[in-house]
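Protein chains: 2
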Amino acid sequence: MIQYGVGPIGAGIVRLMLQKPEIQIVGAIDSDPQKAGKDLGRIVGAERDLGVIIAGEARDVLRAGAHVVVHTTSSYLTQVTDQLVACLQAGSHVVSTCEELAYPFRKHGELSQKLDRAAREHRVALLGTGVNPGFAMDKLVLTLSTACQEVRRVKVRRVVDASRRRLPLQKKVGAGMSVEEFQAQVQAGVIKHHGLPESAGMIADSLGLRVDTIEETIEPVVAQETVRSEFLEVAPGRVKGVRQVARGLGGGQENVRLELEMYLGAPEPVDTIELSGVPDLKLAIPGGIHGDLATAAIAVNCIPALLEAKPGLLTSRDIPMRFLPGVAQLQSVGA
Amino acid sequence: MIQYGVGPIGAGIVRLMLQKPEIQIVGAIDSDPQKAGKDLGRIVGAERDLGVIIAGEARDVLRAGAHVVVHTTSSYLTQVTDQLVACLQAGSHVVSTCEELAYPFRKHGELSQKLDRAAREHRVALLGTGVNPGFAMDKLVLTLSTACQEVRRVKVRRVVDASRRRLPLQKKVGAGMSVEEFQAQVQAGVIKHHGLPESAGMIADSLGLRVDTIEETIEPVVAQETVRSEFLEVAPGRVKGVRQVARGLGGGQENVRLELEMYLGAPEPVDTIELSGVPDLKLAIPGGIHGDLATAAIAVNCIPALLEAKPGLLTSRDIPMRFLPGVAQLQSVGA
Numbered sequence: 001m002i003q004y005g006v007g008p009i010g011a012g013i014v015r016l017m018l019q020k021p022e023i024q025i026v027g028a029i030d031s032d033p034q035k036a037g038k039d040l041g042r043i044v045g046a047e048r049d050l051g052v053i054i055a056g057e058a059r060d061v062l063r064a065g066a067h068v069v070v071h072t073t074s075s076y077l078t079q080v081t082d083q084l085v086a087c088l089q090a091g092s093h094v095v096s097t098c099e100e101l102a103y104p105f106r107k108h109g110e111l112s113q114k115l116d117r118a119a120r121e122h123r124v125a126l127l128g129t130g131v132n133p134g135f136a137m138d139k140l141v142l143t144l145s146t147a148c149q150e151v152r153r154v155k156v157r158r159v160v161d162a163s164r165r166r167l168p169l170q171k172k173v174g175a176g177m178s179v180e181e182f183q184a185q186v187q188a189g190v191i192k193h194h195g196l197p198e199s200a201g202m203i204a205d206s207l208g209l210r211v212d213t214i215e216e217t218i219e220p221v222v223a224q225e226t227v228r229s230e231f232l233e234v235a236p237g238r239v240k241g242v243r244q245v246a247r248g249l250g251g252g253q254e255n256v257r258l259e260l261e262m263y264l265g266a267p268e269p270v271d272t273i274e275l276s277g278v279p280d281l282k283l284a285i286p287g288g289i290h291g292d293l294a295t296a297a298i299a300v301n302c303i304p305a306l307l308e309a310k311p312g313l314l315t316s317r318d319i320p321m322r323f324l325p326g327v328a329q330l331q332s333v334g335a
Numbered sequence: 001m002i003q004y005g006v007g008p009i010g011a012g013i014v015r016l017m018l019q020k021p022e023i024q025i026v027g028a029i030d031s032d033p034q035k036a037g038k039d040l041g042r043i044v045g046a047e048r049d050l051g052v053i054i055a056g057e058a059r060d061v062l063r064a065g066a067h068v069v070v071h072t073t074s075s076y077l078t079q080v081t082d083q084l085v086a087c088l089q090a091g092s093h094v095v096s097t098c099e100e101l102a103y104p105f106r107k108h109g110e111l112s113q114k115l116d117r118a119a120r121e122h123r124v125a126l127l128g129t130g131v132n133p134g135f136a137m138d139k140l141v142l143t144l145s146t147a148c149q150e151v152r153r154v155k156v157r158r159v160v161d162a163s164r165r166r167l168p169l170q171k172k173v174g175a176g177m178s179v180e181e182f183q184a185q186v187q188a189g190v191i192k193h194h195g196l197p198e199s200a201g202m203i204a205d206s207l208g209l210r211v212d213t214i215e216e217t218i219e220p221v222v223a224q225e226t227v228r229s230e231f232l233e234v235a236p237g238r239v240k241g242v243r244q245v246a247r248g249l250g251g252g253q254e255n256v257r258l259e260l261e262m263y264l265g266a267p268e269p270v271d272t273i274e275l276s277g278v279p280d281l282k283l284a285i286p287g288g289i290h291g292d293l294a295t296a297a298i299a300v301n302c303i304p305a306l307l308e309a310k311p312g313l314l315t316s317r318d319i320p321m322r323f324l325p326g327v328a329q330l331q332s333v334g335a
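If you read the protein sequences in the order shown, they are chains B and D.
If you're matching positions, the first sequence starts at 1 in this note's numbering and goes up one per residue.
If you're matching positions, the second sequence starts at 1 in this note's numbering and goes up one per residue.
Worth double-checking, as some hints may not be accurate.
[Claimed, not checked] The calculated DSSO-like cross-link candidates involving lysine-lysine, where the alpha carbons are at most 30 Å apart (straight line), are:
1. B:282 - D:282
2. D:20 - B:310
3. D:107 - D:310
Simulated from the structure, these hints should not be mistaken for lab results.
Quantities reported herein were computed from a predicted structural model and do not represent experimental measurements.
Go ahead and model the full structure; you've got the sequences and the hints to work with.
So this is what it looks like as structure tokens:
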């Protein structure tokens, strides 16, 4: 496979793929001049060189061919369309962590059709996924819903203790800012988790819940007392993180509600799903699903299903998802 | 579709299918002379006749043809093989709640191959599923495992308050018996939940966990004080239910452990999954998944995925699972 984008998520994916004996990394792409020309192993913090030199340009690497490209360059679908099409044209299946690709049909209808056509034309599958969107607030909801005879409303809440995450994420949630700085960064589109409308759309369209519009709000979580992480200290009155809510509205009702809180020192990180229906069902993952670990895991674990899937544009709702055994497991079973 | 078997589960499935506008019931089969010849609606407790007369013999009904047969007659695969093959030969996809079909490859290797061949030959899919086995203690485990970079051990626990379930289930767990009667019924194979080895096998083989043998124990849960249900009263010292454990052993370790407790008055019904790995993950469904409602739901909700699946013998791990919208949902979205 080829790793397209060697930022923190891409690097985590590469390190994980090194544990999967069925996966061979044959190429890597990153336009960052600090990375291009260097060995992939060095850049991702592996213990050895991998004999794979990161290319600054995609074309030649893609042309050399790979069964799968794992794509991790941007959250915005319009920014990555050409990259994705180039992968498809090279005949590679693609799994991408681009958040807007996780369920692109509502926001990018035409683009979705274009990508679906390109994938079908080249007989490959294109999948947008990750922990969120792609799993915690949508796929897991759909899976749980299988046990219901009727579903009327869905509420999902994800609380992340940002102090346990990497520094860029802590900054991305506004930790350490004044409330005014935070609001300006929200206005500028910098403080924003991408993917809630995608998850809400996937839930609504899959479960037959009426959602005509999706409203999103982004608010600061303000520290009442001093909170610290390994990297930052936040004084009382300043921002320790973000609370983002997406409300899926239809027929005068809130039929899908997604709440995402990410802040330093969140006392009870958790993922919860509540289905109102027959029967009501509630699911909780105490401690929550670790975002970075899980996004890498999900991108890699989906590869076998991707290879077996029908050609076209897919989302995580379309494939059965499960863990792909690695070296440790295969040694223990004697394979 | 055709309903094959109109016991409590089959009846629940028929009632649910009546809420799904995409499903039309064209036939029903049950060998019970109390049911054969009567209108299906009357037998399942629907509010109206359905114009479908229950047939005592399968042959003519199957020959008439249906896209899907929902099969709910027995827990034992050897008892239903001929029934299943007849459905496949008629060109129908089949979803069956036969517990031994949920993951038949370990216990019934040859039979699995035979069924797989028959399904492929007739270009249809055959799926064994239900709430347990098929979902709560296996599919949900596999889905959660997608968020893991490594999985070393799996523990699943399902606690059911049997007093909220139908009388046959309360009796099936031994409620009201003396400990001696309970043990005799265990010896006779009467008190036994079917499906734990199937779930353990699906987990082990899918996640690459070494499980060479699966040991199963069945023990009484004895009442310390009087417990009551709508139907039964159990005095102290008598049995209020069952505790069944399956241990998947390999390399001197217990790598998969499934615990199922079903007894009257269980104070905290719950489904929990614990994955030991990177990261550790724990999932809880407080209150637990309602068995009868969920088995009917799962059998019906899987039908669209079954129609899109590749021909052959499938298990719930092979298909994406989610709720199939019914009349209520479709009305609300204006469809």
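Here is how each hint holds up against the structure:
1. For the hint pairing residue 282 of chain B with residue 282 of chain D, the CA-to-CA distance comes to about 14 Å; that is within 30 Å, so the pair holds.
2. A threshold of 30 Å between alpha carbons decides the hint, and for residue 20 of chain D with residue 310 of chain B the separation of about 27 Å falls inside it, so the pair holds.
3. The straight-line distance between the Cα atoms of residue 107 of chain D and residue 310 of chain D is roughly 23 Å, inside the 30 Å bound, and the hint therefore holds.
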